[in-house]
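Q: Starting from the structure of chain A, add chain B where the hints point.
The chain contents come next:
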Amino acid sequence: MRTKQEYLIRYKDGSLYCKLADIWIDPSKPVKKALITHAHFDHFTFGCEEYISTKETAILLKERIGENIEIKTFEYGEEFKINGINISFHPSGHILGSSQIRFIFAEEKWLISGDFKLQKDQTCKQYEIVKTDYLISECTFGLPIFKWDESSKIANDISKWITNSPEKTSLLFCYSLGKAQRLLNEISQTNFKGNIYSHGSIHKMNNIYRDLGIDIKDTIKFESKKKIDELKGSLILLPPSLSKGSYLKNFKNIQTAFASGWMSIRALRKRSGYDKGFAISDHADWDGILEVVKKSEAKNVFFHHGDSEVLSKYLVEKESINILLFGK
Amino acid sequence: MSLKKFSELFGDLDSINSTNNKIEVLKNYFLSNDPIDNSWAIYLLTGKSNKRFISGRYLKNLFSQIYEYPQWLIDTCYLKVGDSAEVITLLLKNKTNSRKKKLSNISLNELLSETIPALSELNEEEKNLEIKNLWETLPEDNHLIFNKILTGTFRVGVSIGLITKSISKLINIEEEIISHRLMGDFKPSIDSYEFLINKNINLQELNSKPFPFLLANTIEDKIFKNSINDFQFEWKYDGIRMQLIKRSGNVSLWTRGQELVNESFPELVEKMSYIKDDFVLDGELLVWNFKEQIAFDFSLLQKRINRKSPNRTIQMKYPIIFIAYDLLEINEKDIREIKLENRRIKLEKYSSKWQIKTKNNISDIFKICDLIFPKDWPEALTYKEKSRENNTEGLIIKKKNSIYSSGRKKGIWWKYKVDPMQLDAVLIYAKGGSGRRAGLYTDYSFALWKDKELIKFASAYSGLTDIEIKELDKWIRKNTIEKFGPVRSLKPEMVFEISFEKIQISKRHKSGIAVRFPRITKWRKDKKINDADSLENAYELMKKIS
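Residue numbers (the working numbering), protein chains in the order written: chain A, 1 to 328; chain B, 329 to 874.
Here chain B stands alone, though its shape is the one from the complex:
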């Protein structure tokens, strides 16, 4: 019923490891709270609200001002805690002993739909006063949630999947339906919650929403034992995965992140609406090089993603294409239960019909993906190795007789990615992590040799196990040469294998190169720093690829 209840839910979810128990706790929460607060809880827990009302820095400054804490002290605390909202919550403890009446029964709805939005209408001074007032009137147990909502850092170990499962249990309806209802824009309201828990499944209401996406698994060796003829082969594009939906004449574009992105790609929406049939397509959106018929780099696509209502110039400069690789629904008929090979036949049939029969030409914005036909597995491997030439990431291998189910179900779709490029580099700087990694040195910078000097070439923070992180953290503390704020320069001694996806010339970096998605793939304790790679090796790698 209240923020208090939600704070308790948060605490419970945060300290339960078992999925079944989490589902049980969620189910009970939904049972015992108002629909409107339930819908807000879902909104928060699924991370659909990442709106930041004020920044973590602002929050820290404000606390420093009100309670006369030196900024450096708050910053030091932050290094231990790793989350601004939590630092302030901990510091606020026993601080707000005012005699003000406590807002102990404020509902989530009131807080989120009135109190917090009202803050943005105040000027800075009023806003600060109001936040101070809220700190003093909200019970202490609710400070963490409040601060997290303010700073838009609401992340708990709860996935959409978990919410889906608990709602599904609550009303005894299959997960697919719930997952379908949860897709896309979930606006907290009594209606949206009641719709979610409605026991009658209404196709009309579900009209604009995408199907749950089917996801590919990383390839496993056992697949090579199967006949190559059991599979369909496609290039793995590095674009935005999307469902393109046209129902009752309306087109909607949904990303896998469940965002409706019609506004970013109006030219696609417009042209697809010329098609006579209704449909749901699964595919990839790319910025396309029409001359060479290959995709442009993902960085060009990034220029389009966050831009709403792009003008003509932008549309011409970064021309997009939707490459369809599956047909899930045609003229109101859900065909996900039909085998892939038959869906493919339908996809080809309809696509060519659309290309010919649609009044306006759609070939400059829509096509279906080409298939590859390797004779045997070694040839498939050769295709995979060549995938960089056409700017793809490898192959997607799909079982021909599979139906389109949801989630990352094993054995239906496989991704077979090009091996990453690798260099052995020397660890030279470390920086403290945040969140779960607070208090540990977890952000690392690596260098390559140039003559007798080590030049920084990449930063990475993923790839080590928790045990390795702790071990390295210990080593870092003992082998620091200098501290600059949160950064330590280190004795060059440790060598790591760094893998990355792309390497290109960059004038912005001292090393002259930039790599994409660098990550640590091995701690090369067997190597001395003289065994690490040089910048020259990096340049050669670049030549080999282009």
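Extracted from the complex, chain A is given alone in its bound form:
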């Protein structure tokens, strides 16, 4: 057994780091060279000297950080070399441009899953099974109580939720990048044919998705000065940050909902303060994580983000897979 320091990739200052290539993965502090799995705010930071990502992620990063960043892009599956290590991006199915990152060095394969899901999502590339020796996987929903329904079913529930209260304005809170576009795509395939408004932050992302060739229903950019009557029976997508505080005071006669995997638990739903919760997630559920672990054929697995202890113990007991503990 090697010590922590001898692993190709390990934890350093709270982020994943490959010493041999002197490169960081989704670092939380500015560094020289950063590989970025996807463009959610908790996966990149401002001020790195050089970013490396897929083309789609690069466009989103530029939107979020600024046009002037130094960024190198690669296609999915395209290998590039840094200090003798072969590196490549592979679709992770989380959001547009999201990727897993594979490292190959001296015939040893490492795979960083990034945030991923296996479920169908027409707004991004389907998760690709990548074989590896070492797997570093997220496990945000790493408990067997998390099992997602088909997203079309959730979209139908949302559609019903809106049309059952035609006298109300329905506010659906969701993350502005990824979740919002996936929901729009799904909702446009339901019976709901009313108006859909998007908050500015979501509207911006919709446009980028559309520019990149993703089929997103046209929505109306939401201006908070809209007359209440006009909004009756329609849907407004808003980022979760606006659910607290005074923003909602502008509205009358509304119903609110939150779209998130956590909404599958009644206690969390009740505590969240929204009228309704729709359990839809861009992360893998329990079965999804197990499937990836199995199909990757990894003999060594390390989990981060979530209930890693539970999943680790389960895999050791049930599947005799070696679980690595890096320590953060």
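It cannot be assumed that every hint is accurate.
[Unchecked claim] Lysine-lysine pairs mimicking DSSO-like chemistry, simulated, CA-CA at most 27 Å apart: (1) B:493 <-> A:252; (2) A:295 <-> B:423; (3) B:619 <-> B:631; (4) A:147 <-> B:333; (5) A:160 <-> B:333.
In short, the hints are calculated from the structure, not lab data.
A: Here is chain B on its own, set in the frame of chain A:
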């Protein structure tokens, strides 16, 4: 028509916050379903069925056995979810992909009156097989309801009040009548539902049922602006609130929780039936210290509550009394619309008549409550402060010219309770909550100083706001010293004001004291742990009171 419909109703009620919308949803449900299923729905939603067919633990074990899930994994999931029925429901998802024909149209009635009761006639092995079979044949959407009924944990945000309102709207009859019909033993049947929605009000049928109780509000300062002469003052007893009814010669005892408790207090039923008149009395049942003419502690009453058909010895050991404070009906005449002061005159008149004219002596089991006559509000306050001396909780202040309406109507009855006793204590342990509080540390233990050691003296979980709970939860996670299962021991740093009703010596506790109804009344962020109270302070408090 079916369990499926009821599951949908449950989901809707669970996700609607507006009362009016809930009423609308209920009304529509009642309109579109069979009377028998409606009566079952009412039975479930009003929590009249808390019968537990199997325990949550049993359910978890069974799932663990069938699907080969390690017990520890299920327990970990439980900590996140906080409800056994829900954990199993979530775990069952996509698990029961058997080719068995789905029981998608089973009616609530069939499930509740046949399928589930039949389980208790099976031996353990058969029972397990049958539950597994039901899991596999019931559609997934119905699992939560099924598991909740099995484990007797059926609680939704629906009160009897809401059901009352929706039925009242459905048939256009006043809420009071519906609330009256819903009182007491509601046995699910076509008849009971049809009776509930019967547009003809039949007094005969309502005979044994109590009136909706009038409840007191916590005192508000504005009351002191009124003349003291507008009010009637009584001691607030710490017993069981009850209506004692005698109609057509039959006595029935109803608690405020709408339970018929004749069987627990047969001596009262027997003696009251000797009275010639018919009546409905509102009052309090207590275990009475006849020597000192004060109530015994509530703990003695607890020894009687759950015991059906108590024998002579128990009856002698814990002698009960019914203290009447209101007369609501006399010889078939409903007098709730008469002013309180006049009802009181009638109560006194009839009571003395009964005491003299009834063949058997009833004074050892029935009396009317004494009134107090403070000259002014300061004197009322003095009475209130003295209430611990006669084992009461304070005063009840009733408006003399009020009628007996139902519910917690403002401005009619006020409760003026003795200030609770308080100590400042240090938070030392926290435990995960359940239900709505699952996943958060919400059960706390508090300690007092003894020399230089902190000794646990009380546990409490109520009193903090949701925001405070979240803040404290965060702090707890960062300041844990040790974990023992679900319990964490914490760095002594946080001081809380703990209020409680009673304090007494207890050999069972390390601290040597036990307190009743401890609750958190303030997060004393201004205090350091050295400012917290000591056990000695607690003993002094005890001395002061006794």
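Q: Which of the stated hints cannot be reconciled with the structure, identified by number in ascending sequence?
A: Going through the list in order, the structure violates no hint and respects every one.
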